[in-house]
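These are the residues of each chain, in order.
2 protein chains.
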Amino acid sequence: MGGAKVRQRYLHSVTKDEALQKWLGSCPLRELEGEVVAANQALGRITAKPVHALQSSPHYAASAMDGIAVWAKDTVLAAPLRPVKLVVGVDCFLVDTGDPLPQGADAVIMIENVVLEGTNCYIEASVAPWANVRPVGEDIIAGEILLPRFRHITPVDLGALLAAGVGHVSVLARPRVAIIPTGDELVPPGSVLKKGDIVEYNSAIISGEVELWGGQPVVWATVADDAALLSQAVAAAAAASDVVLVIAGSSTGRGDFTVDVLEKIGTVLVHGVAMRPGKPVVLATVGITPVVGLPGYPVSMHLCLETFVKPLLHAYNRQPLPPLARVDGILTRRLVSPFGVLEHVRVQAGYVGGQIIVTPLGRGAGVVSSLMRSDGMVIVPAESEGIAEGETVSVILRKTLETIADTLVCIGSHDLALDVVADLLRVSYGMHLQTSHVGSMGGLLSLKRNFSHLCTSHLLDEASGQYNIPYVKRLFPDEDMIIINLVERWQGFIHRKGDTFTGWHDLSKGRFVNRQRGAGTRALLDYHLKLQGIDTRTIEGYTREESTHLAVACAVEAGNADVGLGILSAAENFGLSFVPVCLEQFAIVMRGESLSDPRVVALLETIRSREFAERVEKLGGYETNKSGEVVWSSHAR
Amino acid sequence: MGGAKVRQRYLHSVTKDEALQKWLGSCPLRELEGEVVAANQALGRITAKPVHALQSSPHYAASAMDGIAVWAKDTVLAAPLRPVKLVVGVDCFLVDTGDPLPQGADAVIMIENVVLEGTNCYIEASVAPWANVRPVGEDIIAGEILLPRFRHITPVDLGALLAAGVGHVSVLARPRVAIIPTGDELVPPGSVLKKGDIVEYNSAIISGEVELWGGQPVVWATVADDAALLSQAVAAAAAASDVVLVIAGSSTGRGDFTVDVLEKIGTVLVHGVAMRPGKPVVLATVGITPVVGLPGYPVSMHLCLETFVKPLLHAYNRQPLPPLARVDGILTRRLVSPFGVLEHVRVQAGYVGGQIIVTPLGRGAGVVSSLMRSDGMVIVPAESEGIAEGETVSVILRKTLETIADTLVCIGSHDLALDVVADLLRVSYGMHLQTSHVGSMGGLLSLKRNFSHLCTSHLLDEASGQYNIPYVKRLFPDEDMIIINLVERWQGFIHRKGDTFTGWHDLSKGRFVNRQRGAGTRALLDYHLKLQGIDTRTIEGYTREESTHLAVACAVEAGNADVGLGILSAAENFGLSFVPVCLEQFAIVMRGESLSDPRVVALLETIRSREFAERVEKLGGYETNKSGEVVWSSHAR
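Line by line, the protein sequences are chains A and B. Start counting the first sequence at 1; every next residue gets the next number (the numbering used here). Start counting the second sequence at 1001; every next residue gets the next number (the numbering used here).
Watch out, some of these pointers could steer you wrong.
In silico contact screen, one side only, chain A against chain B (beta carbon under 7 Å); selected entries [stated by the list, open to error]:
| # | residue |
| --- | --- |
| 1 | 100 |
| 2 | 144 |
| 3 | 145 |
| 4 | 155 |
| 5 | 167 |
Keep in mind that the hints were calculated from the coordinates and are not lab data. Using N, Cα and C, we set each Cβ at its ideal position, and we do this for glycine too.
The task is simple: from the sequences and hints, build the whole structure.
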């Protein structure tokens, strides 16, 4: 099987830097032909040769102000007490800014400095030749180099081209990038999906990036897992393109044809790089065309794209790679990474309590949403086995620091009402609310460590039957804390329509799906199980954990579980049945000092707005009449 | 006349900050309608509402690795000494990564951890339910918010949309920006030019910027200087657009209709801002449409565009303004600015001797080439009368700091051979050579002050008749200096074909055009005038200064002067006649330590290359057999 073969090959894998050096050093860079485009179509293109001005600008000696054009030598004797008289139309001429100088005139006197009486014009000071005149070519001189070779053409350049009479420019052709998806399991976006089908969306991501990097993407037809067909497609693409990208099918087992094909019809420079994700990348050439075999998982694919394809396109376009924006931040969660592997971890970043905080996202190579949600990337060196929580890490940013600093960070339990808050803050205040769903207890601990501005929590205390307050008192004994009601919401059992589920004692009959430890919903479950006297060991699936209401409902809908505890809107999202258990308090916990943060003020205004109430109630299962109320405060306010 | 009227109005001009606040605070921002586009056309667009996932990804429970799918409970008893036997096709199934789990199976065991014997499969360890399985919705759960409102859609987002079954997205319509050029003197690019014609290129610059800022530019027909016609055009454009930009004719005298028209058909919020350039800007509304009257000079126009239109388009698109990149640098030349005016000066920046050096470019508002050549902008506060040479200034960069740091800075005399060097460095080394033309003496002084890496010089010493060496000895008495020959070139008199010019004593007969003080060509002239015993006062135009050979030739060609001293290629550029005077040394001066700078090594290799010699000799008037030779060195090497 494929597994063993792959492992053997990887024994020879090289480091990322070695691979990159080998790749850029030895892969051919076809000389791109220039193409001629109209100047007004040249925005963002790159000049293929130096562009010379065809005409001067201004192309005539022009008055630089409103005034009279004169012969400078006629003015030599003028003085305040001995004005010189000139006759308009004979010795001098009225001109506006930009007007040509009448033939022979060689200076302009400002209109404010002359006295006009009929056709007589009196001047009280001499003027030097060429004073207040824009000479021919003041801006651009015919024949001079206007734009150097390999210049990325800006809007201002367009203006200069037209001013210099240059109607057409020779620009570099955009490197043609052939994208070949492979895999029997791939179906086009929009298909009705069967089990085992994979939507082919990698080519859309690649096309977008290639366009942003100045290339010309061409998506070729998907190739089945068949060496002969792949060989044919790659050969044809290599002949027609400047770069070829083969996307492996997501199955790395039986269908790992790419490297074999490339070995047969070309030269494999690198197979396997000691980095994660992206390890199985293949760097090769077919004829004089560079060919990259990209892994099929989107996170791996994207890293390989950025690592090996982006510099290639910039080299083709003769542009330097844009510098990476970096910032140091504090890691909020331990990062484990095996020794010898250069690990790339997508992270979210926030600015809390005067420092950048950095939270790793899930590391599944197949999770495109982690790419989408990431604010940046942390690279764990190969010679490290990980980075401890609280250590300083360097983050390669993909957002501006300003956006990160403006974002309100909320870590805690998840609720759809938070999506409504985020949306309203965006619409009314242009603000960003970043939410991370780690459960109520995780949220409180994050708040405690100053990793967030806000925490969402619905922790039921078993002893007192009270929500949140006992936990906050315990965790923040001497601090100024406040708890504000966000919504009240119905929790209940979620099960498939048609299945019978009447209450607590049916839990032992089907497969349960639980929430993670520290989640408020899990605390709620445990509280009720104790009340009901039910042993958790009698519940199949009690140890199976999902981390959001939607994930629980999704597992039930997919038939991988029969029942879970969650909120009504999650059940309704999947058309599932809902057996109510209780109305619970879902609250926001924060430090008292946050009340003076204008972003928090905006948040509270939003929560107390009519629009929030209306939109949340539409979701179903919510009560908003207490939204925005202070539930508890450690200090008098 | 217009002048007086304009001055009166400007008495009421406001500061830039006041103007901006009034403008963004009170100008209406029309609610942009959304439009629905196919997901694969949505790159760079902005979501008009939150986008929900339509399907989960994965949409089935999938194997996360190559292995066998099992029922976890069947494996509970497995141990190394007590393997459990499963039958392939009955109790377990071979699966590859991504394959769906056979109905009911709930875990996968890695292929490496099983022993296969025919259809029997032995396992030596138990597996937990759902181990090595990607659950439904691991990446994306149907119903969840995939992209928030007002998200700028990235390539990765495209992938996520397709993965989530979202084929179409509702995006904000791009704000429509009407651009109305005005002025009788405007002619379209490509016209055969008469005196007084101005090529209308501002609309091309504006269109380009508007596109980059996410707007949709529409250039309307040029309107003549006629209030009724302008009124009609603005009203029509305001009704059809989200922003209207009126570009004043470059004549600000007789044709200043814009503000009058806007007062009549709309509301003028601001007319005149205490900033330079850009003072005459008009900010108004017509109906609910913001209208900006932009000055016609390109530098003024561009500053007003960046100041007042860019934030408007970002507000329409609900995107924050990208932060300005700033860096501190040392000012190489004094900047004078009147008190009370916020002055914006375009600058070039370099990195020399461990510090950023900042050189102001010419401040003519009509000089589009200063925009094109600028690396950034320095703002002189209104309450300052200028900034002294050597002071630290903050530069708003439009290039990356990396590009600036990589650029070799050459200040001194100008020669076309330098353009050839710059082009070859770009082609062969991807290097940037920035040249500033301030004459030989200015160049040596810049080198002395560490404002440049290199100086180009051709200073003839009157006493010794020797080039460059006496000057370098005098200016750098104790320093390690080196002079390297770039080219030898012919200097001579440039005059129009058909005019008689035989030599030195004809200089008193026509109008001369001279070079600036400190220019090598001026030193050459003075040296020969002294040899010939000619009094400079007998030469009309001796005091008229141009700063390059091309500018001298251009003045002669335009008929604004009859003769000048310059190089052959400048004469040939304009088809002028050339009377040779002498072959002179044109050299590069630098510090000895620069020889170890790899960029200087590349430069010397270039100068000594066959290609350089060939290209320079093709220009005419050059000798290259000594190019790259060390002319003189203060230290033995």
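Structure-based check of each hint:
The restraint placing residue 100(A) at the interface with chain B holds, with a minimum CB-CB distance near 4 Å, inside the 7 Å limit. Because the smallest distance between the Cβ of residue 144(A) and any Cβ of chain B comes to about 6 Å, under 7 Å, the interface hint for this residue holds. A least Cβ separation of about 5 Å between residue 145(A) and chain B falls short of the 7 Å threshold, and the interface hint therefore holds. Evaluation of the residue 155(A) hint against chain B yields a held restraint, the C-beta minimum of about 3 Å falling below 7 Å.
The beta carbon of residue 167(A) comes within 5 Å of a beta carbon in chain B, closer than 7 Å, and the hint placing it at the interface holds.
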